[in-house]
Amino acid sequence: MVRSFFSLRAAGYRFNLVGLIGFCLVAGWAIVALSAPLIIPYPIGEIVDYDYFGPISGQFWLGSDYLGRDILSRILMGARYTVGISLLAVMISCSVGVTLGMTAAVIGGWLDTLLSRFLDALNSIPSKLFGLVVVAGIGSSIPVLVCTLAVIYTPGAYRFARALSVNINTMDFVTVSRARGEGTFFLIRSEILPNIIGPVLADLGLRFVFIVLLLSGLSFLGLGVQPPNADWGALVRENIGGLPFGAPAVMFPSIAIASLTIGVNLLIDNLPQKIRDRSQ
Amino acid sequence: MNRHVLNLVLARLMIAVITLLIVSFTVFAATVLLPGDVVEVLLGQAATPEAVAGLRAAMHLDDPAIWRFIQWLGGIFTGDFGISYANNMPVADLIGPRLANSLKLAGITTLVSVPVALTLGITAAMWRGSWFDRSVTILSIGIVSVPEFMVATSAVLVFAVYLKWLPALSFANEIHTFGQLLRVYAMPVITLSFVISAQMIRMTRAAVIDTLNTPYVEMALLKGASRKRLVLKHALPNALGPIVNAVALSLSYLLGGVIIVETIFNYPGVAKLMVDAVSTRDLPLIQTCAMLFCIVYLFLITTADIIAILSNPRLR
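As they're listed, the protein sequences go chains U and F.
Read in our numbering, the first sequence has 23 at position 23, and its numbers run on one by one without any break.
Read in our numbering, the second sequence has 78 at position 78, and its numbers run on one by one without any break.
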């Protein structure tokens, strides 16, 4: 274990300090999202404080909300919605986008043109607006949110994967493989994908950040996760009445979002060179 | 301008028109074709089968979808936006005054943020690697990676709660003096400016640094030109195209920001109207607002692309 760790370091898989901080933030929130019901100090729906918008105290570490519920517990549980929905949406959008992108690059021709034009058009609808329109059309629920977010960020993933795959597609080993008579599926899975997986994973991380921001924005407008459940954006919305008093209940959910998105950004910007770019 | 450039620009405009068609179809499809019956929502408690059937016929909901789409699109382009479900007023009358408000907000924000952002972006590129550059970069990355409402709530906390310079979340309609006007617009404009300046600074800085890395700038450096002369005389004229491109692209972030800012500060603009329309499921109003936003957005990114084409000396 120790030896393999050192040989990994030597091979260029070394994290620097800033990257490590980012990794800790992301891993921390992942652990919180998984274990939230076990670590919350108070049940999330229960009114535990006689005062509303209570200050930070030994009893309520991050204060209490507009009904006197414990904010720390609600943020910890909210992590499940924010991280879970965003993760699911980014998985769907990236797998669909990357698959389509690689297919378009390998097959080319009218399929490529048609797909590119259509997805570019989809990309030129402002993302928040798209969310608003869909929620207006079919109402908001968690499956609807996941699908909408996935659809909004598929074109970007497609564009990115297609640009990378077009370059790989002109390489000799792909030509050889094609001359050997391999089918499209084999080309995509065995020749293209292994060569673009590093940058695609980094792109997935960035897209995750965009999705977290959009989901929080929609929830803040009251169009995302619906009560009694609450993600971080919805927590800010519920407690916005405490803003004129500078209540901690407004700021801490925002800080939670910022720590997650900045953590992911730091992690990606400082990924070991080997993962970010395989060509070097 | 020669033939080649003209062709490129025309091709870009064609793409914009095709995109607009696909976008309008998507907006229509998302609001109308998806499940969820508008009529039952509209009638609420009174949704007897006869009433539902009657209203469906009156609203032409039983016609084929593609026919309704064509009629709707024709209406949009001839200025007939339909009647609002919620209060039976023509959509155009509802949007008109709100649009003026939104444009005012966007205009003031642009006037404030463009000079500030360009100055910061260019100076950061000039002194690349200095503490000034680093703090500007870190601040702008920070603002880009937090949600807009956090920028807004932080601005309220700083300027209204701690410094007590400005009112918190209220939007007064009675404006009598210039001082009141300033106080009312200050908070939304500050928030929006932060959001779009962050984008603009990053893009401007990248554009200038890109130009500074070219061989002819290096030549000027070797010749002994000062840093100021290097940036202002040699690099900036060539970076102008990419910078204007960056400005147009950053202004398209206004659209996302304005939705949050108008909601949080209760500003009577189009975005607030649309968010309210979503909660009442007022579809004609939502469709028109959505198309309005998409057209503005498409206009901005198309302009950005055309400027990029026109400013590229290799194409001229």
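Some hints here could point you the wrong way.
Just the calculated beta-carbon pair ranges, DEER-fashion [claimed, not checked]:
no. : chain 1 : residue 1 : chain 2 : residue 2 : range
1   : F       : Ala225    : U       : Leu114    : 35 to 41 angstroms
2   : F       : Ile108    : U       : Gly183    : 56 to 62 angstroms
3   : U       : Pro272    : F       : Gly74     : 55 to 61 angstroms
4   : U       : Val144    : F       : Asn213    : 43 to 49 angstroms
Because the hints were derived from the structure by calculation, they are not lab data.
It should be emphasised that the depicted structure is a prediction, and the values quoted were computed from it without experimental measurement.
C-beta atoms are modelled at their ideal positions from N, C-alpha and C, and glycine is treated no differently.
Can the suggested window of 56 to 62 angstroms be confirmed for the beta-carbon pair isoleucine 108 of chain F and glycine 183 of chain U?
-> holds, 59 angstroms
CB-CB spacing for leucine 114 of chain U and alanine 225 of chain F relative to the 35 to 41 angstroms hint | violated, 51 angstroms
Glycine 74 of chain F and proline 272 of chain U - C-beta distance against the hinted 55 to 61 angstroms = holds, 56 angstroms
Does the Cβ pair valine 144 of chain U, asparagine 213 of chain F satisfy 43 to 49 angstroms?
-> holds, 46 angstroms
Hint check: a violation occurs at hint 1 only; the rest are consistent with the structure.
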